[in-house]
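S.K.: As a plain string of letters, each chain reads:
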Amino acid sequence: MNIGVVVFPGSNCDHDCQHVFRDVLGQDVTMVWHKETTLTGLDAVILPGGFSYGDYLRTGAIARFSPVMGAVKKYAADGGLVLGICNGFQILLEAGLLPGAMLRNQSLHFICNDVHVRVENAATPFTNACKPGQVLKIPIAHADGNYYTDPVTLAGLQANAQIVLRYCSPDGKVTSGANPNGSLDNIAGIRNAAGNVLGLMPHPERCAESVLGNDDGRLILSSVVEGIKKRPVGV
Amino acid sequence: MKAKIHVTLKQGILDPQGKAIEHALDSLGFKHAANVRVGKYMELDIAEQDKAKAEAEVKAMCEKLLANTIIEEYRYELQ
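First to last, the sequence lines map onto chains A and B.
Residue numbering for the first sequence follows the numbering used here, starting at 1 and increasing by one per position.
Residue numbering for the second sequence follows the numbering used here, starting at 1 and increasing by one per position.
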C-alpha cells in the first residue's frame, strides 16, 4: 500500500506520519510536495499537522489554495481516503471538504496535552480497529481547535454519525470539564457525509508505539490501512 | 484605489480575545467598556479606477480568502 503524506511549507508532523506508516505499520509512504497537482497511485492521503504558511490570516486559509489541494479535492470526490490531522483538519475545513470552522481555543492558550477521546463511530475507514465507545488517550497541540458550525449543520453531523471522536473524561464521559478547547458538542473529529474524509485535532502519529509509553494512536492509523483493504477496487 | 477591510467574528460567536481585553479594561478601572470584539484590519491597493468594479473585486477577495464567512463578517471602504 502507498500512503501519501502532503508536505506544505510549515508542516511539521509530516515525518512523524511517514515514520508510523512506514516503520511501525510497514507501508510504503510517498511524501507529496504541496506544488504537486496529481495524486496518482496513492491508497490514502494524509494532511499532517503543523503551521502551514505560518497560520497567517487563519489556520489553513492559505494552504487550502496550494496546487495540491485541487488534486486532494478531486481525490476525495472520487472516493479516496483523506485524513487531516490538526492543521490538516483545519485545512480540510477551510477547503470545504468538511463542514464548519475553527475558532481560537476558549482559554486562548496553545494547549499541548494528552486528552481522552471517545470513539463515537467505529464503523469508519479511520476507526475500524477501535471498539464503539472505546476511550483513546491521544495528545493535542493547538491554539485553534474550538470547532464551530451552525446549528443545522451540527444536527446533520449528529444525525448522520459524522461525529467520530468526542473529548471525554478518562472513563468515557463526555462532559464540559473534559472539553479542552470549547469545541461545540465536544467534537474532536468529524467525517464527511460520504465517509471517506476525516479530520481530527488529536495527533495519533505522536502515540503509536509502546516505546513512547502510549500506542493508542496506532488504532487510528492502522484503521486507515485496514480501511484501504476494504475499499472497492479502483478507488 | 485603496481598500480598507475589517474582518470580525460574527455577532453571537464567542470572542475569547475580546472577553480577555474586556476583563483587563475592567480591572484597569474602565467600567464603561463592554462588548469588546477583536478583529483584523487589512488595507490594500487595487489597480482599478472603476469604483463598482473595484468593489466587486474586494467583495470577491473577502468571500474567497480574507474572511471565513462561517464565523466572520467583513466590511470595507474604498478610497
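Watch out, some of these pointers could steer you wrong.
Computed beta-carbon distance windows for the label pairs [unchecked claim]:
no., chain 1, residue 1, chain 2, residue 2, range
1, A, K137, B, S27, 36 to 44 Å
2, B, Q79, A, E226, 54 to 62 Å
3, B, G18, A, G79, 41 to 49 Å
4, A, G156, B, H23, 29 to 37 Å
5, B, R37, A, S107, 17 to 25 Å
6, A, Y56, B, K4, 17 to 25 Å
Simulated from the structure, these hints should not be mistaken for laboratory data.
All residues carry an ideal CB built from backbone N, CA and C; glycine is no exception.
S.K.: Hint says 17 to 25 Å; check whether the CB-CB distance for R37(B) and S107(A) agrees.
M.R.: Roughly 18 Å apart at Cβ, these two residues keep to the hinted range, so it holds.
S.K.: Using the C-beta atoms of G156(A) and H23(B), is the stated range 29 to 37 Å upheld?
M.R.: holds (36 Å)
S.K.: So does Q79(B) sit 54 to 62 Å from E226(A), Cβ to Cβ?
M.R.: holds (59 Å)
S.K.: Just to be sure I understand the hint, the distance between the Cβ atoms of K137(A) and S27(B) should be within 36 to 44 Å; is that true here?
M.R.: holds (38 Å)
S.K.: Do the beta carbons of G18(B) and G79(A) sit within 41 to 49 Å of each other?
M.R.: Since the Cβ atoms of G18(B) and G79(A) sit about 42 Å apart, the hinted range of 41 to 49 Å holds.
S.K.: Confirm or reject the claim that Y56(A) and K4(B) have a C-beta distance inside 17 to 25 Å.
M.R.: holds (19 Å)
Violation of the numbered hints given earlier is absent; every hint is satisfied by the structure.
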